[in-house]
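Undergrad: The residues making up each chain are set out below.
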Amino acid sequence: MWRFLLALEFKQIVEPDFNVLMVAGRPVNATTAADIEGVPSWISLPAMMKMRISTPHYFDQMKGKASPFGFVLHPRTQDKLKLTLLTPFNKNRAGWAHSLCINTRDGKSYRLDEFPRADIVTLGDILCSYVQHPEIKSLGPDGGKCKAHTRGLLRRMTISGGLQHCIGKEVSRFEQGKDDFIENIDDVCIHYDGGRVTANEALIAEISERGLRQTTKRTHLDRKTIRAVLNGKKVKTSTLAKVVMGLREE
Amino acid sequence: MWVAGPDLVASVLLSGHFPNVQKAIRIVPHGKQPGLEPIKLRGAISVDPRKEDFFTRVIEYRKQNKADDRLQYFLKILANSTSYGTYLELNPVKIDPSNRPKISVHSGDHEFTQPAPETIEQPGSFYFPLLGASITSGGRLLLAMIERCVRDAGGTYLCCDTDALTIVASRTGGMVAMPNGATPIKALSWREVEQIAHRFDSLSPYNRKIVPHLLRLTDENFDKNGAQRQLFGLSIAAKRYALYTTKCGHPSCRHRNCVTIVDPKAHGLIFFAPSEERENGLPKW
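As you go down the protein sequences, you meet chains A and B in turn. Residues 1 to 250 in the numbering used here are what the first sequence spells out, letter by letter. Residues 1 to 285 in the numbering used here are what the second sequence spells out, letter by letter.
What the hints contain is simulated information worked out from the structure, not anything from laboratory work. Take the hints with a grain of salt, since some may be wrong.
Claimed, not checked - Pairs of lysine-lysine residues, derived as DSS-like cross-links and limited to a Cα-Cα distance of at most 30 Å, are as follows:
1) LYS80(A) x LYS63(A)
2) LYS145(A) x LYS186(B)
3) LYS137(A) x LYS265(B)
4) LYS11(A) x LYS247(B)
5) LYS50(A) x LYS247(B)
6) LYS247(B) x LYS91(A)
Please read these numbers as outputs of a predicted model, since none were measured by experiment.
Using the sequences and the accompanying hints, generate a full structural model.
TA: Have a look at this one:
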């Protein structure tokens, strides 16, 4: 696997515009649509996960085909199909594409070769997503977000502490009316679907009391945004967070 | 927010920002546990916990018995699990949902009661999270210290994980070109890397005759004759990298059979292993 990835990387060093796309389980040159040379033989195989039969439900579905805690294969299909397929363990990779599978959701049987090619996730698809997996804990060389095609020396991501957001056990506490989380964003806003929020009455009163000029100065937001918050309009959570943090700063 | 002390120091080392500490708690050992007695590990290795540090001795014995694979593996598992895992052992226990007891929950300085969930966590015999959290935190501090030393020397690294840093280095050092015309980075010389590693020797709790250095170059850095060799690396993301060598000595080439992969890591792909066959610890695909 790494030999193939290194070969692609070396080619990209020589030809910076060279890029690979997976089309129906086949890696092709993104510019010329030509097949990539030196592709490993396994790349178009269905992606099979080795799984143990660890629940009575799966054991029932695979009765006579697998023993308790024995291994089975789980072919990956596109999520939109909503299938969880299992097939008996088989070392013969050539036969994987024709496996007879059982959908554990409804107990129906399917043959893998009955599905359109694009609905079956191949090892090539997995490898492609693997290579293009962005390193989300780091920033790109330019200080921007690290994306699938970001290359170079990554930078450390900095975190600015500020508002606390209750999670897990803390939420249970919060629901009990404890008052040591007054700086929680949930205290000062009303949540709407889509991640946008409006300020509650207490925050609007606080902004009104401080005045538009002082709030603008403290929060580094423009007057238009502060007016929107004051008028109860929906804003991004991060914007409201800036207002709250700005007002809390001494 | 409570943070383990070593993490705070690591943050200062790497960011240069000093945190505003409102309150600090120091955990101080007091006295000696009663009932400690000398033991013989696997009936052969004697350790007296009253006079010597159990974990230090286990690591030293491991180094002294490198040739004995089974003993070495036993000591490795013993050291890893008892020096860290047991302090954070929590076992899930199902309780009767119709008869859930009230439990005390401690959060920061606060304590409150609430009904227990259906599954509770039963602490293990040696459960002591303050120690468990401090040990991992200490590991992160060690890594941060190495990173800072490398940065101070003008260098950088390919990747890091838990207890190792893959430092960009070559025999004589020099500049390394970066993709997309970005500013080249400096590769430290092997000598500079060695000096950084040896700086940490003063922190070593081990007998110098048995474990000469706290930090060492991993085995991949040496060829079968024991000579240090030039490694190259390609890193995709955390725990997804490969270290390799080339016969031609160039980091990238198109020669046939020139590249040898020496340390591949492919986190998250092992589930798709098509067979039990392995090559350098990874599925032979």
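Undergrad: Given the hint that LYS50(A) pairs with LYS247(B), does the C-alpha gap stay at or below 30 Å?
TA: Cα-Cα ~36 Å, so violated.
Undergrad: Is LYS247(B) close enough to LYS91(A), meaning Cα to Cα at most 30 Å?
TA: violated (35 Å)
Undergrad: Does the alpha-carbon distance linking LYS80(A) and LYS63(A) stay inside the 30 Å limit?
TA: Answer holds: LYS80(A) to LYS63(A) is near 27 Å, not above 30 Å.
Undergrad: Hinted pair, alpha-carbon criterion (30 Å max): LYS137(A), LYS265(B). Please report holds or violated.
TA: The hint holds at about 18 Å.
Undergrad: Regarding the pair LYS11(A) and LYS247(B), is the alpha-carbon distance no greater than 30 Å?
TA: Cα-Cα ~18 Å, so holds.
Undergrad: Does the structure keep LYS145(A) and LYS186(B) at a Cα separation of 30 Å or less?
TA: Since the Cα atoms of LYS145(A) and LYS186(B) sit roughly 24 Å apart, the hinted pair holds (cutoff 30 Å).
When each numbered hint is compared with the structure, violations occur for hints 5, 6.
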